[in-house]
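Working from the sequences, and respecting the hints, build out all of it.
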Amino acid sequence: MKLRWKSAPAREFQIWRRERQEKRWRQLRGVPGYGAITGRERKRRDTQASEHSWRDPVELTAPKTFSLTANVDEMTAFLAEVAGWMRRGRSILIDLEAITDLTADAVVALLSLAERAVRISFTCTVPDDPRLVNILSDAGFFRYFKGGPITTEGRAPLFTDKTAYKVEAETAKTLVSFVTTALFGSHRPVPSAYEAMIEGMSNTHEHARPGPSERVRWWASANYDETSQCGTFVFVDSGLGILRTLRLKGIKRALNKIGVTSNAEILRQVLSGKIESSTGLSYRGKGLPKIKRWVDRGRLRELTIISNDVCANVSIGEYRTLRVPFDGTLLCWKLTKDEIA
Amino acid sequence: MSPKKLVETISVAKHFSQTPGPRWIKEGEYSGEEFRLECLGPAFLRAVEADGMVLIDLDGAEGFASSFLEEAFGGLVRQYPHIDPLPHLDFKSDEDPYRKDEIREYIEEERKRLATAKR
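Sequence order for the protein chains is A and B.
Okay, so the first sequence: first residue is 5 according to our numbering, each after it adds one.
Okay, so the second sequence: first residue is 15 according to our numbering, each after it adds one.
Don't take every hint at face value.
Claimed, not checked - Over 10 Å on every C-beta distance to chain A, these chain B residues come out as not near it, computed from the model:
| hint | residue |
| --- | --- |
| 1 | E22 |
| 2 | T23 |
| 3 | P36 |
| 4 | S45 |
| 5 | L51 |
| 6 | E52 |
| 7 | R60 |
What the hints assert, rightly or not - Below 27 Å or equal to it, Euclidean Cα-Cα: the simulated DSS-like pairs (lysine-lysine) are:
| hint | chain 1 | residue 1 | chain 2 | residue 2 |
| --- | --- | --- | --- | --- |
| 8 | A | K278 | A | K341 |
| 9 | B | K114 | A | K278 |
| 10 | A | K170 | B | K40 |
| 11 | B | K114 | A | K341 |
What the hints assert, rightly or not - So the derived label-pair ranges between C-beta atoms look like this:
| hint | chain 1 | residue 1 | chain 2 | residue 2 | range |
| --- | --- | --- | --- | --- | --- |
| 12 | A | F188 | B | G66 | 38 to 48 Å |
| 13 | B | K106 | A | G302 | 37 to 47 Å |
| 14 | B | E122 | A | R301 | 19 to 29 Å |
| 15 | A | A81 | B | K40 | 33 to 43 Å |
| 16 | A | E63 | B | R118 | 51 to 61 Å |
| 17 | A | R301 | B | H29 | 27 to 37 Å |
| 18 | B | E122 | A | R324 | 34 to 44 Å |
| 19 | B | E122 | A | Y169 | 28 to 38 Å |
| 20 | B | A64 | A | R324 | 54 to 64 Å |
| 21 | A | D105 | B | A27 | 21 to 31 Å |
| 22 | B | R118 | A | G263 | 14 to 24 Å |
| 23 | A | A168 | B | P17 | 37 to 47 Å |
Simulated from the structure, these hints should not be mistaken for laboratory data.
The model shown is predicted, which means the values in this text are computed figures rather than measured ones.
Beta carbons: idealized from backbone N, C-alpha and C, even for Gly.
Printed below as a string of structure tokens:
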């Protein structure tokens, strides 16, 4: 065997390190005579083990109004909590029993979060209201969160969704068709909804990526509420968010001079077309202003944009800062017969 | 100036796709770039050669994202910077009259931008 020469101090250090490792290994396994762990340390480790057992899921109670558009502060805090436990690799049990109201935006946002999880199990309790159970079931919620019925039991589905990375024009058409067929009995083109969906997908593909080699997944869904005869479209991505993607260095300084300092106000400027795209090219960044024009022309109802720490209710011109930021971008709007001429 | 003779008609829905997509080919199917390279560009050149115009029929499609229109028509200005495309293009958009103005705006903005960049 060929021996490699080593200096005496190096050899000594190697031996000392090996002995220390062996001692620690024996200590951890409670081998007698190897500096047994003190009672206090043992207790601390036992408590930690019981609190952070990988088998026991963390139980999180969902907000009663399970909606980003109607209850944005509680919902973003709840989503942040779910994301936090996911980062720690813990299984999650979501208590939905007490929810009294539910909208598609919150369901899609939670699904997009769950979809990102690797080797984490999700379970849930089922809401008391059977109508809400049907919405969750049709949204495919119980495919990710075990505990509820997966079948639609012969009734017309209330929800359709799709997830991908690239722009899928056919998907946008399918979602529009889902709502117009429910409203009119057959497919009708709705440029406003179709274009908003394409803009969302395109922005995700082009701007939301943290790095050039990374991909960001989007979720798009459409659902129809028979009672209010209203279709709801939701588009969510888990990318950087509109405000983080903007290269605001020079522009922010200029805006500060005229008193525009908050992200809420910056988003207002973006939607009015006063801030150029994150590419820095003046001929780009026209997508969001165009969506706003559709709202102004009465072709999209109740458009809400939630991105980073801003929630914009574009239809009524309300832009506000959130206490807990939303991780990504969410677009949500409604369509009734009134918006489709 | 008398209007130029019609050389060709392109219906986006019939000759390209009912579901126009994003800006770039890399982003997904039926992009503005693909439309410009395969349909609009060649027809536009034929119209320029014949000193005529192309009619672009925008009806019948699901909708047009701004990035699609900008890349198709603003991109035409970037591709052929020495030709003013507006005399050689006409548009039909009965379903959404705003679309014609939107396209003209993209063309004019891009011509202005290129003119400023030259100086």
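Hint check results:
no. : hint                        : in the structure
1   : E22                         : holds, 25 Å
2   : T23                         : holds, 20 Å
3   : P36                         : violated, 4 Å
4   : S45                         : violated, 8 Å
5   : L51                         : holds, 17 Å
6   : E52                         : holds, 16 Å
7   : R60                         : holds, 26 Å
8   : A/K278 x A/K341             : violated, 32 Å
9   : B/K114 x A/K278             : holds, 22 Å
10  : A/K170 x B/K40              : holds, 8 Å
11  : B/K114 x A/K341             : holds, 25 Å
12  : A/F188 x B/G66: 38 to 48 Å  : holds, 41 Å
13  : B/K106 x A/G302: 37 to 47 Å : violated, 24 Å
14  : B/E122 x A/R301: 19 to 29 Å : holds, 22 Å
15  : A/A81 x B/K40: 33 to 43 Å   : holds, 37 Å
16  : A/E63 x B/R118: 51 to 61 Å  : holds, 59 Å
17  : A/R301 x B/H29: 27 to 37 Å  : holds, 28 Å
18  : B/E122 x A/R324: 34 to 44 Å : holds, 36 Å
19  : B/E122 x A/Y169: 28 to 38 Å : holds, 34 Å
20  : B/A64 x A/R324: 54 to 64 Å  : holds, 57 Å
21  : A/D105 x B/A27: 21 to 31 Å  : violated, 41 Å
22  : B/R118 x A/G263: 14 to 24 Å : violated, 34 Å
23  : A/A168 x B/P17: 37 to 47 Å  : holds, 44 Å
In this structure, the earlier hints numbered 3, 4, 8, 13, 21, 22 are contradicted, and the remaining ones agree with it.
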